[in-house]
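Protein sequence lines correspond, in order, to chains A and B.
Counting in this note's numbering, the first sequence runs from 1 upward without gaps.
Counting in this note's numbering, the second sequence runs from 1 upward without gaps.
Some clues are possibly wrong.
Chain A residues, not near chain B, derived (Cβ > 12 Å throughout) [said to hold, decoys possible]: (1) Arg-15; (2) Thr-58; (3) Ser-65; (4) His-81; (5) Gly-89; (6) Cys-95; (7) Glu-105; (8) Gln-118; (9) Ala-149; (10) Arg-150; (11) Asp-169; (12) Leu-197; (13) Pro-235; (14) Gln-239; (15) Asp-240; (16) Pro-242.
Here's a subset of chain B near chain A, in silico, CB distances under 8 Å, partners left out [unchecked claim]: (17) Thr-14; (18) Ala-15; (19) Arg-17; (20) Ala-19; (21) Thr-21; (22) Ser-151; (23) Gly-199; (24) Glu-205; (25) Glu-207; (26) Asp-208; (27) Ala-210; (28) Leu-213; (29) Pro-216.
No lab work stands behind these hints, which were simulated from the structure alone.
Computed from a prediction, not measured in an experiment: that's the story for all the values here.
Backbone N, C-alpha and C define an ideal beta-carbon position, used for all residues, glycine too.
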Amino acid sequence: MTGTTGSPTGSVTTRDLTKSFGGVRAIDGASVAFHEGEINALIGPNGSGKTTFFNCVTGMIRPDSGTVTYQGRDVTGLPPHRIARSGIGRSFQLCRIFPRLTVLENMLVAVQPHGLLQRLRGSRNPADVGRARELLARVGIDHLEHAEARDISYGQQKLLELAGVLMGDPRTIMLDEPAGGVNPALVDRIADLVRELNAEGRTFIIVEHNMELVMGLSDHVVVFDRGRPIAQGAPAVVQDDPLVLEAYLGV
Amino acid sequence: MPNGSSNVRTSRPTAVRAARTVALLALVALIVLFPSLAPDPFILSVGVVILSYAVLATSWNLVGGFTGYISLGHAAYSGLGGYATALLILRTGMDPWLALIAGGLIVAVIAVPVGIASLRVRGASFVIASIALVLIVQLVFQSWHTFTGGSNGLRVPRPFGTEVLRPEQHERFFYLHAVLLALALLTWWLIERSRLGAGLKAIREDEDKAQALGVPTFAYKLTALVVSAFFTALGGGLYALWFGYLDPIFQFSILIGSYMVLMSLLGGVRSLFGPLLGAVVVGYAVEVFKSQYGDTQLHLVATGVLLGLVVLFMPDGVIPALTSALNRRRGAASIREVSAEELANQREETAR
Ligand SMILES: Nc1ncnc2c1ncn2[C@@H]1O[C@H](COP(=O)(O)OP(=O)(O)OP(=O)(O)O)[C@@H](O)[C@H]1O
Ligand SMILES: [Mg+2]
Chain A
1 MTGTTGSPTG
11 SVTTRDLTKS
21 FGGVRAIDGA
31 SVAFHEGEIN
41 ALIGPNGSGK
51 TTFFNCVTGM
61 IRPDSGTVTY
71 QGRDVTGLPP
81 HRIARSGIGR
91 SFQLCRIFPR
101 LTVLENMLVA
111 VQPHGLLQRL
121 RGSRNPADVG
131 RARELLARVG
141 IDHLEHAEAR
151 DISYGQQKLL
161 ELAGVLMGDP
171 RTIMLDEPAG
181 GVNPALVDRI
191 ADLVRELNAE
201 GRTFIIVEHN
211 MELVMGLSDH
221 VVVFDRGRPI
231 AQGAPAVVQD
241 DPLVLEAYLG
251 V
Chain B
1 MPNGSSNVRT
11 SRPTAVRAAR
21 TVALLALVAL
31 IVLFPSLAPD
41 PFILSVGVVI
51 LSYAVLATSW
61 NLVGGFTGYI
71 SLGHAAYSGL
81 GGYATALLIL
91 RTGMDPWLAL
101 IAGGLIVAVI
111 AVPVGIASLR
121 VRGASFVIAS
131 IALVLIVQLV
141 FQSWHTFTGG
151 SNGLRVPRPF
161 GTEVLRPEQH
171 ERFFYLHAVL
181 LALALLTWWL
191 IERSRLGAGL
201 KAIREDEDKA
211 QALGVPTFAY
221 KLTALVVSAF
231 FTALGGGLYA
241 LWFGYLDPIF
251 QFSILIGSYM
261 VLMSLLGGVR
271 SLFGPLLGAV
281 VVGYAVEVFK
291 SQYGDTQLHL
301 VATGVLLGLV
311 VLFMPDGVIP
321 ALTSALNRRR
331 GAASIREVSA
341 EELANQREET
351 AR
């Protein structure tokens, strides 16, 4: 199950990644390799730099130094839309959707056309709408397609965000706390979805504080503390690592 | 339209669509008939002014409404359109209509570097950059006497001969403005339905999120700005051909830009006809005000108060406010809350 760390054509791989905010080193020389085709988890105490790491990988913020490679290609410093188009989709810690667009319109934003003519094509064409509806049905909110996204519940918004990410057909999906703030039944639902999508060949990198979920779901766990990995491996191994216990207990 | 499952718009009741068609036809009829209904040339000229405002506001909305980038300096593009048209006619002897279109294209090209510089900043910073633009252009056109005529202004040659009398002039320009307005509206409508439009609206809602989904946000914003500048310049050029005189102080004023913003916000930036409605209301009010009280600064105060009221009480504009009020009265379907268990059950059923 566990792939070789740092394989040249691995999924997301970083080398000496660093990002400071003023005096705070949010990411401190992090070298991490995530496994292609697996469900990877990225865990760590609050403020350990997980979200900042996501932002550096997806181009939302530019790292101070270090490199990010994806499937062997250097993607460091590329703008977010280029990274999205290279096959990495992501969700945000505080669920982000387009509030005053309908659920269906939210989905259609994520279509990635190529060339001018394709971009001028009608957004509500049968092919795109059909695929959007399929994905909405898959996450279970297809009955809400005409509702404005701001009017649906938080859990439904989380599902919409996930469906929107899927609309871009990413090979790798990075989720920042998918189970944060949603009810337990929905957590199970999201976990099932992740397993299904992974079985279809999609790689996941998931930041999550819900340890039960992390341990039950993931193949490979990376633990962050103060902006760098302190442990990685199978869930059972990481769970008993003294460094990890120390980081979480804040000793 | 067929009632196929792939057709999204079928959810809209046919009655609403019929009402919209009727309203559209009524609007077209009103515009076509207006010159013959107008009691005197003055009213007809007010009609031309209002249509001109409508063209400018609709053009402004191509960037403001889609992307949410509020430009207070759009008079830079209308003014440049006017000057480009006039100078092409005067300096190169170009046919006036060709000059109008060439002027629009020149301004569209100018909008590219302007956009590259100013669309990097958001919110208040963009507003300030847009104001800076119009002030800079005003200064250049005021001081560059030899080329622009400076503060003495510039006389624009009339495209129609002297044998065409005033009322006839007004009528022709009324229809010309109507055609330009129709083109701007058509462009807005086409973009609104396109994938480009989906991306632009996403930028308005959450730019970073849109980019994370793969929308090339910068290229999209720039496209919207260039198209907007093109139509705004055509509006400015056509007005210049009608009015026959250009003065940098009036052409490049923040007031004109503010009118475009006010009209669009008042009518509703997210609806096709919002800026047109706003232009009719504000344009009419401004003209009445001017004829009643003369060209005092009072209408500035009135404009400011109106803008404040709109932003405070109808941030989405009149058309969306009315639509949602109507929907509420009809008891439009409220959003059903569905628990995760229900969803799981539903899914199991569909899976079977
Ligand atoms: N935009 C920013 N400006 C300044 N400091 C920031 C910024 N973003 C993050 N930080 C700081 O960087 C550190 C890492 O934050 P980050 O959000 O990446 O942690 P996290 O692991 O995602 O935490 P959590 O589990 O609470 O989401 C924190 O000390 C945080 O205060
Ligand atoms: Mg975080």
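Hint-by-hint comparison with the structure:
Taking the minimum C-beta to C-beta distance to chain B, about 23 Å, the non-interface status of A/Arg-15 holds against the 12 Å cut. Residue placement check: A/Thr-58 does not keep its beta carbon more than 12 Å from all beta carbons of chain B (closest about 6 Å). Every beta carbon of chain B lies more than 12 Å from that of A/Ser-65, the smallest distance being close to 23 Å; the non-interface claim holds. The claim that A/His-81 is not at the interface with chain B is violated, since a C-beta of that chain comes within 12 Å of its own (minimum 5 Å).
The non-interface label for A/Gly-89 is inconsistent with chain B: the shortest C-beta to C-beta separation is roughly 8 Å, within 12 Å. Not every beta carbon of chain B lies more than 12 Å from that of A/Cys-95, the smallest distance being close to 10 Å; the non-interface claim is violated. A cut-off of 12 Å between C-beta atoms contradicts the statement that A/Glu-105 is not in contact with chain B; the least separation is 7 Å. Listed as a non-interface residue, A/Gln-118 fails to keep its Cβ farther than 12 Å from every Cβ of chain B; the least gap is roughly 7 Å.
With a least CB separation of 9 Å from chain B, A/Ala-149 falls inside the 12 Å interface cut-off, contrary to its annotation. Not every CB of chain B lies more than 12 Å from the CB of A/Arg-150, the least distance being 10 Å, so the non-interface label is violated. With a closest Cβ-Cβ approach of about 10 Å to chain B, A/Asp-169 is found to fall inside the 12 Å limit, against its non-interface label. Distance check on A/Leu-197: its Cβ is at least 14 Å (rounded) from any Cβ of chain B, clearing the 12 Å threshold; non-interface status holds.
Non-interface call for A/Pro-235 relative to chain B: holds, since the shortest CB-CB distance, roughly 25 Å, exceeds 12 Å. Remark: the non-interface label on A/Gln-239 is consistent with the geometry, its nearest Cβ contact in chain B lying 27 Å away (cut-off 12 Å). Annotated as non-interface, A/Asp-240 keeps its C-beta farther than 12 Å from every C-beta of chain B; the closest such distance is 32 Å. Annotated as non-interface, A/Pro-242 keeps its C-beta farther than 12 Å from every C-beta of chain B; the closest such distance is 37 Å.
Hint status for B/Thr-14 relative to chain A: violated, with the closest Cβ pair at about 16 Å, above 8 Å. Violation of the interface hint for B/Ala-15 is found here, the shortest Cβ-Cβ separation to chain A being roughly 17 Å, above the 8 Å cut-off. Here the hint on B/Arg-17 is broken, as its CB sits about 15 Å from the closest CB of chain A, past 8 Å. A cut of 8 Å between beta carbons decides the hint on B/Ala-19: the least distance to chain A is about 19 Å, and the hint is violated.
Because the closest C-beta pair between B/Thr-21 and chain A is about 19 Å apart, greater than 8 Å, the hint is violated. Annotation: B/Ser-151 was flagged as interfacial toward chain A, and the flag is violated, the nearest CB pair being 43 Å apart, outside 8 Å. Hint on B/Gly-199 holds. Least Cβ distance to chain A is approximately 6 Å, under the 8 Å limit. Satisfaction of the interface hint for B/Glu-205 is found here, the shortest Cβ-Cβ separation to chain A being roughly 4 Å, below the 8 Å cut-off.
Taking 8 Å as the C-beta contact cut-off toward chain A, the hint placing B/Glu-207 at the interface is violated, the least distance being around 10 Å. For the restraint placing B/Asp-208 at the interface with chain A, the shortest Cβ-Cβ distance is roughly 6 Å, inside the 8 Å limit, so the hint holds. A hinted interface residue such as B/Ala-210 counts as satisfied when its beta carbon comes closer than 8 Å to some beta carbon of chain A; here the least separation is about 6 Å, so the hint holds. With 8 Å as the threshold, the beta carbon of B/Leu-213 comes within range of chain A, its nearest partner Cβ sitting at about 4 Å, so the hint holds.
Proximity of B/Pro-216 to chain A holds as hinted, the smallest CB-CB distance being about 5 Å (cut-off 8 Å).
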